[in-house]
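We have chain A already, so just place chain B on it with the hints.
In the order they appear, the protein sequences are chains A and B.
For the first sequence, the working numbering assigns the number 664 to the last residue and increments by one with no breaks.
For the second sequence, the working numbering assigns the number 577 to the last residue and increments by one with no breaks.
Some hints here could point you the wrong way.
From the structure, some residues in chain A lie toward chain B, with a derived Cβ separation under 10 Å [claimed, not checked]:
id: 1; residue: MET148
id: 2; residue: LEU152
id: 3; residue: ALA474
id: 4; residue: ASP486
id: 5; residue: GLY491
id: 6; residue: VAL493
id: 7; residue: ASP500
id: 8; residue: ASN501
id: 9; residue: ASP505
id: 10; residue: PRO511
id: 11; residue: ALA513
id: 12; residue: ARG518
id: 13; residue: ASN519
id: 14; residue: ARG560
The set of hints was computed from the structure by calculation and includes no laboratory data.
C-beta: ideal position from N, C-alpha, C; glycine also.
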Amino acid sequence: MKLELSGITKTFGSLVADDHVDLTVEPGEIHALLGENGAGKTTLMNVLFGLMHPDSGEIMLDGEAVRFADPGAAVRHGIGMVHQHFMLVPVFSVAENVALGFEPTRRFGLLDRRKARDEILRISHEFGLEVEPEAIVEELPVGVQQRVEILKALSRDAHLLILDEPTSVLTPQETEGLFEIMRSLAASGRSILFITHKLKEVLAIADRITVMRLGAVIGTTTPQTTTESELASMMVGRTVELVVQKEPARPGDVVLAVEDLTVVDPRGLTVVDHISFDVHAGEILAIAGVQGNGQTEIEEALCGLIEAAEGRVTLLGRDITRATPKARLRAGIAHVPEDRVRDGLVVSMTIADNLILDVFDVAPHARFGARNLGEVKRSGEEKLADFDIRASSTDMLVSTLSGGNQQKVIVARELSRSTTLLVAAQPTRGLDVGSIEYVHKRIVEERDRGTAVVIISSELDEVLALGDRIAVVYRGRIMETVDPTVGREKIGLLMAGITGDGAGSVPPAGTTSGTDR
Amino acid sequence: MSDAPIALGGVAGPTAATTPARAPFRWSRFFHWMVEANVVMVTALAIFSGLFVGAILIIVTQANVLHAWAGLFSHPGTTVSVTFFTVGDAYRDLFTGSLGDPFVIGHAIHTGQGWTQALTPISETLLYASPLCIAGLAVGLGFRTGMFNIGGQGQLIAGAMAASYVGFEINPPAIIHVPLCILAGFAGGAVAGFVPGFLKARTGAHEVIVTIMLNYVFLDLLVLALTTQPFQQPHQQNAIGRMIFQSAELPRIFGHNLRVNVGVLVAIACALGVSWLLRRGTLGFGFRVVGANQDAARVAGINIRRSTILVLVISGGLAGLAGMVSLCGSDYFLSSGYGGTVGFDCITVALLGRNRPIGIVLGSLLFAALNVGGRYMQASTGIPLDLASVIQAIIVFFVATPGLVNEVYRLRGMNVGQGLLTRGWAA
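Here chain A stands alone, though its shape is the one from the complex (with noise of 0.2 Å):
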């Protein structure tokens, strides 16, 4: 299906959120939408989905001009759409989620399962996508459940499908799968238009790339012509360091020392599993590994979240291994949670009370159990301006803010304490490029001023720019501690949990299996 918009005008009271926008989707093409949160994507996405009207602008479907009143006339048209949060029904099954909206029904009106069934398992041997139609959703991790997004939308008979940053919540491996399943609707003649704002994606499987700012598209280009930064320039409108500018680090004493630290979780599975490591004063030590392999374990250790079953803590030679959350907080330990949304903040709050989360009940932010709200407010507006978090006030809710000025309320926070040891976990996660360059500049300023610093991340690009040193765990131990120099196959295989013999050579597919561990 070719689908072409022109001047798509969508504006929010005085925010013009999409302004005259034109893009053209060849059929079988894979077109990738770039741009950065609040450059209009998800806005036009909407409109072209029917969930919102547009000001002004056309939509043409195979050269003839449609107006969507709801989602349901944009599925009619063969437009199936891929939330970026799921829109499925976690206690049904597969077939069941399908199903719904369209159920094929028997004499009676009873659901004909069968046919559901069937029509599942037809789709998904035509492109691939594995899924197995009576599981239930919520049994399933997140990469099969976007199978099933994608699943539904086909069963509709989708020709254009529209994918919301489907990578974000995907391993690399998962992502992987996913660009297989996109080249196979491709290869059938069906559209995709892919909105992102990660480069590397975007190169390794778009056919053409637009990228938009500030609601305007800035150009169209190919993979073949364009480079990762230069699509960076586009995105942000000015040039952007894609790799952190940093010194070689001068490490000091032993910070952070753990000794054979264990955790079991809740059903008596050990996921970390007798680790051992030193974090000296000036260095960055990454945690690479591919999620779920106990690196959330060892933040919570580490912040004291959960409890060790074995081992030891030491933060600057005292025993914190019992410590509570509280009391290493108070000797310096600086913490970006995983989740922020979830761990790091109060979205319901504001931008001032949650700059002071951790230390609200201590002068200068109280006294005598008395908050100095003026206090609080004059500290937040210092730290708006010092961190470069774009909003209005510090007034504003947190809810209100982009997921880039909500990681940098986070880090604004952690890094005003004085910190001897920062743990940060996938701290860019979600985040788009001009964020990422932030949050990873500040990181390495922290770094030099002689904070011992642990980040813990699945993204081996980051990885690799922070780390001075980088461990790469698997199954809750650490398989090796390796320079950054070493390379990507390497630290690559490490977190498949292969010790290759040669550094950097990758041996043949058939002879890994026999050196696995």
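Chain B alone, transformed into the frame defined by chain A:
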């Protein structure tokens, strides 16, 4: 809370001082605010809706009005006037019975006589409102901090029992006795609140279930106490408590003939205290963080167990104070089922006041006025008190469903557009 629009009318001191060049008052802006969906407007319209539905109920339940409607086509004038006067009389009585009759008050001002009669309605309303307000604050504090304390009834009984024990067991001078009773009331409720708090903090037992069940425990504990020494009135077969000493009675503020007493001041102090706690207190800030996002609270180093227990202890203590205020302020002895519906009405009041202290004060006053006025209306016009309850219920119903009010009165709700916009940014 969108307090900003209120500043249009009243001039807040510091604001006026810092911004001398205020925008001139403009009717267009006032009108804009009128049709905007906001808390004050929605509440006002909810009250109006309650009175409107109440009027319809009066029309369809009063025989004389129905009779007049039967003659709508032969005597339309009679129909209109009978309807108008019946509804008007009922609401006039509701008003004068709760706030006072303007004529009687005017007479009192001119002659200096009859003040007692003029002020009795407002005195009764304040008397009724005090415990309701304090218990409403208890519930509101819980709601604001994510803790659903449904145990107001049980905690109120516990507080009243503790206060009555101190009230009849010792007999120091009033200057010492009253504060002791206040402390005892708070302590009794606090103990009753500690139980669910402790259980939740230690075992994760849900406070709603525990507090509801504890209501029954305290109800029966009260009956048990009232049939045994030392609580039972001597030489009594019934479940009646001992009278407290006069020194334990809350002093009346405006002479002996008006029942309004120091309990009102206790209620005001509680409202100010809770307001301060939530706005300025570090303790309250911790409570709010825990209530809004436990995970973030934990990461920020806040002790969640301590916070959970403390919220329920303070909330329970407030409910206990409510029991103490009604016991030492107007009842003077315990009886089985003490507190009546206050333990549950306070939940409604908290809801009506949107869990804000000032809202709870106003909500309890409205609730009390409808009750006190409703009794007067029943006595003078024969319209049952239940009508006042229906009006209360409808007001709460509308307050709890602002979307419905927006729909019925076509207020300009900003929320819809903003919601979509926010979703766009969040991508």
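For each hint given before, does the structure comply? Return the numbers of the non-compliant ones in rising order. Hints 1, 2 and 10 contradicted; others consistent.
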